[in-house]
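The chain contents come next:
There are 8 protein chains.
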Amino acid sequence: GFAELDTDRRRRTGVPEVVYGEGKTPEQTLRLLAELRRTDPRGPALATRCPPAVLDAARDAFPGEAVAADPVGRTVTVGALPPPVGDVVALTAGTTDLPVAGECRATLAALGVGVRLVADVGVAGLHRLLGHLDAIRDADAVVVAAGMDGALPSVVAGLVPAPVIGVPTSVGYGVAAGGLATAAAMLASCSPGLVVVNVDNGFGAAVHAAKIVHRVRGDR
Amino acid sequence: GFAELDTDRRRRTGVPEVVYGEGKTPEQTLRLLAELRRTDPRGPALATRCPPAVLDAARDAFPGEAVAADPVGRTVTVGALPPPVGDVVALTAGTTDLPVAGECRATLAALGVGVRLVADVGVAGLHRLLGHLDAIRDADAVVVAAGMDGALPSVVAGLVPAPVIGVPTSVGYGVAAGGLATAAAMLASCSPGLVVVNVDNGFGAAVHAAKIVHRVRGDR
Amino acid sequence: GFAELDTDRRRRTGVPEVVYGEGKTPEQTLRLLAELRRTDPRGPALATRCPPAVLDAARDAFPGEAVAADPVGRTVTVGALPPPVGDVVALTAGTTDLPVAGECRATLAALGVGVRLVADVGVAGLHRLLGHLDAIRDADAVVVAAGMDGALPSVVAGLVPAPVIGVPTSVGYGVAAGGLATAAAMLASCSPGLVVVNVDNGFGAAVHAAKIVHRVRGDR
Amino acid sequence: GFAELDTDRRRRTGVPEVVYGEGKTPEQTLRLLAELRRTDPRGPALATRCPPAVLDAARDAFPGEAVAADPVGRTVTVGALPPPVGDVVALTAGTTDLPVAGECRATLAALGVGVRLVADVGVAGLHRLLGHLDAIRDADAVVVAAGMDGALPSVVAGLVPAPVIGVPTSVGYGVAAGGLATAAAMLASCSPGLVVVNVDNGFGAAVHAAKIVHRVRGDR
Amino acid sequence: GFAELDTDRRRRTGVPEVVYGEGKTPEQTLRLLAELRRTDPRGPALATRCPPAVLDAARDAFPGEAVAADPVGRTVTVGALPPPVGDVVALTAGTTDLPVAGECRATLAALGVGVRLVADVGVAGLHRLLGHLDAIRDADAVVVAAGMDGALPSVVAGLVPAPVIGVPTSVGYGVAAGGLATAAAMLASCSPGLVVVNVDNGFGAAVHAAKIVHRVRGDR
Amino acid sequence: GFAELDTDRRRRTGVPEVVYGEGKTPEQTLRLLAELRRTDPRGPALATRCPPAVLDAARDAFPGEAVAADPVGRTVTVGALPPPVGDVVALTAGTTDLPVAGECRATLAALGVGVRLVADVGVAGLHRLLGHLDAIRDADAVVVAAGMDGALPSVVAGLVPAPVIGVPTSVGYGVAAGGLATAAAMLASCSPGLVVVNVDNGFGAAVHAAKIVHRVRGDR
Amino acid sequence: GFAELDTDRRRRTGVPEVVYGEGKTPEQTLRLLAELRRTDPRGPALATRCPPAVLDAARDAFPGEAVAADPVGRTVTVGALPPPVGDVVALTAGTTDLPVAGECRATLAALGVGVRLVADVGVAGLHRLLGHLDAIRDADAVVVAAGMDGALPSVVAGLVPAPVIGVPTSVGYGVAAGGLATAAAMLASCSPGLVVVNVDNGFGAAVHAAKIVHRVRGDR
Amino acid sequence: GFAELDTDRRRRTGVPEVVYGEGKTPEQTLRLLAELRRTDPRGPALATRCPPAVLDAARDAFPGEAVAADPVGRTVTVGALPPPVGDVVALTAGTTDLPVAGECRATLAALGVGVRLVADVGVAGLHRLLGHLDAIRDADAVVVAAGMDGALPSVVAGLVPAPVIGVPTSVGYGVAAGGLATAAAMLASCSPGLVVVNVDNGFGAAVHAAKIVHRVRGDR
Ligand SMILES: Nc1ncnc2c1ncn2[C@@H]1O[C@H](COP(=O)(O)O)[C@@H](O)[C@H]1O
Ligand SMILES: Nc1ncnc2c1ncn2[C@@H]1O[C@H](COP(=O)(O)O)[C@@H](O)[C@H]1O
Ligand SMILES: Nc1ncnc2c1ncn2[C@@H]1O[C@H](COP(=O)(O)O)[C@@H](O)[C@H]1O
Ligand SMILES: Nc1ncnc2c1ncn2[C@@H]1O[C@H](COP(=O)(O)O)[C@@H](O)[C@H]1O
Ligand SMILES: [Mg+2]
Ligand SMILES: [Mg+2]
Ligand SMILES: [Mg+2]
Ligand SMILES: [Mg+2]
Ligand SMILES: [Mg+2]
Ligand SMILES: [Mg+2]
Ligand SMILES: [Mg+2]
Ligand SMILES: [Mg+2]
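Protein chains in written order, with this note's numbering: chain U, 1 to 220; chain B, 221 to 440; chain W, 441 to 660; chain Y, 661 to 880; chain R, 881 to 1100; chain L, 1101 to 1320; chain C, 1321 to 1540; chain Z, 1541 to 1760.
Label pairs and their calculated CB-CB ranges:
# : chain 1 : residue 1 : chain 2 : residue 2 : range
1 : Z       : Val1612   : L       : Ala1153   : 32 to 38 Å
2 : B       : Arg437    : Z       : Arg1677   : 42 to 48 Å
3 : W       : Asp578    : Y       : Asp798    : 21 to 27 Å
4 : W       : Ala506    : U       : Ala34     : 34 to 40 Å
5 : R       : Gly1098   : Z       : Gly1604   : 56 to 62 Å
6 : W       : Asp578    : Y       : Val745    : 18 to 24 Å
7 : B       : Ala273    : L       : Arg1137   : 49 to 55 Å
For the record, the hints were derived by calculation from the structure and aren't laboratory data. For clarity, every value in this text was computed on a predicted model and none was experimentally measured. By construction, the Cβ of each residue, glycine as well, lies at the ideal position given by its N, Cα and C atoms.
Excised from the complex, chain U in its bound form:
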């Protein structure tokens, strides 16, 4: 009654329905995870933005299943992870952007996409990014999470041939509180081809990156 899961989504788009845990009771989220698990056996069921109650209850709720609960990224995965294909790099500008990158990483893992995480390489200390450049260059896609000035994705997009996805984070205060100024800075980037998702939307960045990997690997 309360929900009508889009169980056909994987067929249409290559990416399955995912439970959005915010604004749901823990019971609702766990019930929807179970329903996803039942109706789509091709991959694990995923819930994002899980409150602590869901993170804590997940393992007991699915006895006999592989369950992964990430308290930083606030995700729960039920079912074995597929073997990873493709190569996505997830960068963060600061330490406090890690939860957003965590949501991105867990989503990619659930979708069966390989992901490498490089944290805390913001533009205030540019040499940190430059030291990782060779590793970034050949990725299928690069996800860059940054708060405050949102400058890191612009710098990265000017340096590598991989498609770059900026994720503005709500890390920041004053004019950057809430992440809108950060999102605007990324949208207004002077580096051609940078694309942007909603503030803190590590999930959406992961899905776009996965769709690119699907295209590159010819999966769909």
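Could you slot chains B, W, Y, R, L, C and Z with the ligands onto chain U? The hints should help.
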């Protein structure tokens, strides 16, 4: 003196420097086009957001060159277009979004990427989109330009496996004037994986799509 | 002293005064409900946006009365519901929009208007809406609650002859936090005739729908 | 090529496709008017937001047709107006809101709905509205166009049983420039059931009113 | 050390320094009240925006003094109130605007100005205001607190010769959350001469009204 | 037809109806001036925000009348000015705020209120204001027009017992473009009792000041 | 793993890396302080925006070190303070701006720069500032923290030859809530040469002032 | 009458009064330039934001004087430039930011401060900046003008010990139109010590830099 062209950009990112015609005198734009043409013979030189004076003068300014000037998309290309590879579909929600799609199409053409344009299929008459769905589904990437409510990219992203790039346009008035509400609607999409560029930025959407095509075709 | 109830409102507008529970003490809300009940015996007394303390105390406060308290929609109704006339359909884009649809449903019930609720049919999985279309088409009015991109009311308004009322919800984060971007997307709809109420205002949408039903049924 | 008219819209929604003249060349608008006229003979073809060039050329472009061009409301109608049914009242708060009411009136006329216009009855001189109240009360719907504080629709919605549609106008300066503050004031109305359309959107208000009239008259 | 009270303010402006209780520790507020009481014996000391801890402790902190603590308006007054002169009327649109009117009333009382409070006469039920009009007309000044659409001050300013001061309140939600839309509506009023203070600033409205009374009574 | 002048306004509020010239044709403005002149012989007729065409035509349109047209303040007055009573001081922060002060001065003159203008005394050179302080102190009311930071009214309100009305102007650029930041700064003033009108609304400030003068002089 | 400290920053910019305590666990902050202390023995390690848990634990976490924890400014310093050079004055407009000035003072102390604090000298009582002017005039730089109207830095910048840095604070409510209006007022200052940092960013203002002192003293 | 020049400003702040040409008639600007020239013979008179009419007329208006008119930066200087002292570097991210840097350069020149201009070194091609780094490092101050994402000042502030002043420019479109998003990005910089002036305010950045040079050189 007045400019320091980034002639190394194609080597780093796979996409060459492009002249941004807004806020420049016609003389500046034409001079920079000439310099690009001279320093990077691997592809045509491109200028976007050209005022009428540049569109009118371009052909005479480059005698003996293949010159394309598009008054709708406001682009000028100097040099022969490369043979197109890959398959990008550019959709518009309305007739008045065509200039943005035009900028996107000219950019893809200059980058040697194949592009198909489907106009005026906004959600107020949904059957128009559904009639084109088979043609869209297998594209390497889909660019969707829409103004006002910005709903079309969300609907498309829920229907196809291709990566979808939303381009909010400044078409609209009242709360949508300037395109910011439209951009916000796209960023807040309930369809996973939709990514967004700046308002009216057909150019940026094209560059991201080209980078995806480069990855898919293994060019870089 | 602290309030001057508009007990004449039903005579003037066909819709009685309703207690707005936010920012009032539980005692104030219960006292005003009692006063409404006393001064207007033609229908039940309604309070919206009730805090838990009012929801919990309502039944005991009105012994011998039919009292309905809805913890999801946060409404309290005191007095028997009138037999429903007319046919309003309330749609939600997602599960988390249910509280807003609940406020709408309780208000229509208190006003004696028939209402059918269809939940979780957002545009990310369009087939869900299309499957319900025949049931929606002939309604006297359609209320559509949606958060995030607010695209669902635009799609509905392009498909049915019934007047459509969009209710932006505060469901969403980042650029959609608070519901203003969602409201703007609905106001800027490319589907003609879509009208909009304030964010989360299921109550206002219900009153407008009831006024339409009154006109259609010739009640006033 | 440049447009894909939604010629099926009248069948689906009771209201035909209409040409939006802004951002189109005069040639495009006139060609689309001709196409609408040809494909939908059940009623006149309508274009809104017409630039002077369209208003001037319309009569000559459709020889032998009844053509109405309204320079205040900026509309063009091609084909005989249907006999009006129903009763909609359009109010304006000030003289300068007349263009918006004009767009509303022309749209209703083209849709075959009866409309009465009452101008310049804003709340700074409340007696002006009160003097017209009897005439407003029994309308099928009331459209109220107001700029600046946008207070008039709230006052009207508290006085009559008819459904009230507020149209914020861009009349005003300073904090009201562009009409957004006015729109917000209407959305935040303390009068239950007031619904709102985009700034200056007399067209959309008319379509909603017409859909109500269709319901009341049982046309669809 | 932590504060440099403006003990000269009454001499310069006719209105003494007042303690702003927000963001101060209870100890700081009480110490500043004591210092004001000591340095300016011509009238009571006033603190606004007092947290519960200050409201509770005030009476014990000033033994032998007349102390008034208002939990609704969140004010504390230390010292006997002067006999009231002049006549200010404070109106509220709704019940939930009472705290703002309370701050205004306490400030006027501390300044020795007479004040009458009329609550809950918003424009959704216009007859409530009209019934009080004769009492309002001859006031020295009228303060009108309203949230949501902020329409009441405009209506009042069009009806009486007294100077009218609008106080937007933060009562409201969605587009009106925080009170900014309400403030904008008042600033954009179509009623000439309406002036506005900050959201919820009952204190500031009172001070302006008191300065008018001082001018009218020739006190300064 | 197109207008319904509020000819009763002077009786109700002490201040007559005034023509708002923006968005009207010159013919409309001149006709309304004539109608005001005819229906209210107790004082001159006033139009504000007049375009050049009205300023130029005014004198010839009213032969035999005293006509004043001010190209800086953009006002036209038809009929002899009443002898001034009361004392209002109008200050400007910069030279470019003069048009707003001009509108204020012309309105006060038409209302029969005495006004003194002191220009260009902004806070960047504070001694300029301090040199005029004695002259300001005893005014019935002080109007302060300022753009950019809007700091001058706060400084004035902290120095004099007269009621102070801030008029934010649209003078400024960047974050101050349009005057909204300036208006916010005045509303958030730390000087108690400062009241604010809309951006560039010299007219509204004048009406409030006149209402104060009426109270002080006991005229009404 | 979770962080990549920029231990080279002092060499490049003259100012070392500092721990930003917001959004970090107490353990992370303390570990990073320890790492800074270890890698950069030339000066104390500093953390800003520390939650109570860090302030409480700091002293025990660094036995044998000089540890300073400031609960008002929310800073922790580990290691002996360098002898202060240079002369920076930090002003606040109100008492409630003290936390921001405290962060500034602690940062300057950690950087070895001399600082004098003058509190509560806002423009509502201008004589308070004027009494301190001689002490301010010769500073190497002046930092001015102000909320609400943000007028104080403009007044200061018009009076002294020292470079002035404005720090908007989030002190204020209504239109000033969050500090954005205050920041805009400072950016739009009519006093030439006023520069601005983010809301509540006492840290950033201190670093800029320290860089000026470094230039003046020839340290770097 | 229309202006009260602050001829004492140089004595108080070290920087003289400057004419702001926007919103003034050419006659007013030229008259004020003449008055500045007459009252302050210690340096040239400067006007900023001059319309073409002032730029064209300046030379003839001051026969026998050294007059410099810069059509790009829109400045006019009357009187011989002082010999430059100190070393300020002005960077621009793009070619279209040159007018802002031009205003900055002309102001510094008029104030007798040495300035070097480095154009078009934005972060999309980072090597361009890195190639100039040695020249920037030892400046007394660095002014960085950038539009769009505003990332360049953050990158610079992380690389050099000089105090860095960011000037957001109005170069950009969509979310960056008007420069507010750019300004926010700079204020939210993750690079400590970056300070910001208003959008396009090359003048203000120059004055702050000059005040630093005065401190460094011990001039005042
Ligand atoms: N973190 C997330 N951010 C945005 N969308 C999400 C997220 N997680 C899941 N979703 C999408 O949100 C939709 C669920 O919304 P609901 O119908 O309210 O359960 C699903 O279709 C998901 O694809
Ligand atoms: N959920 C709601 N949203 C908006 N308005 C409401 C709501 N519930 C009741 N109201 C209206 O708000 C008014 C009550 O305001 P108050 O005087 O503060 O109680 C009533 O006249 C109701 O018609
Ligand atoms: N480009 C500029 N941006 C901001 N302020 C300026 C500019 N040029 C001059 N000013 C200042 O603006 C003030 C002039 O204002 P006004 O009285 O309107 O001429 C002077 O005190 C100048 O110091
Ligand atoms: N409720 C209030 N709203 C605005 N300003 C106030 C209020 N109460 C007191 N004030 C003013 O705020 C100033 C106190 O600021 P502070 O130095 O932070 O205590 C005083 O000078 C008061 O005149
Ligand atoms: Mg870090
Ligand atoms: Mg179309
Ligand atoms: Mg769902
Ligand atoms: Mg009127
Ligand atoms: Mg009420
Ligand atoms: Mg000046
Ligand atoms: Mg104080
Ligand atoms: Mg460039």
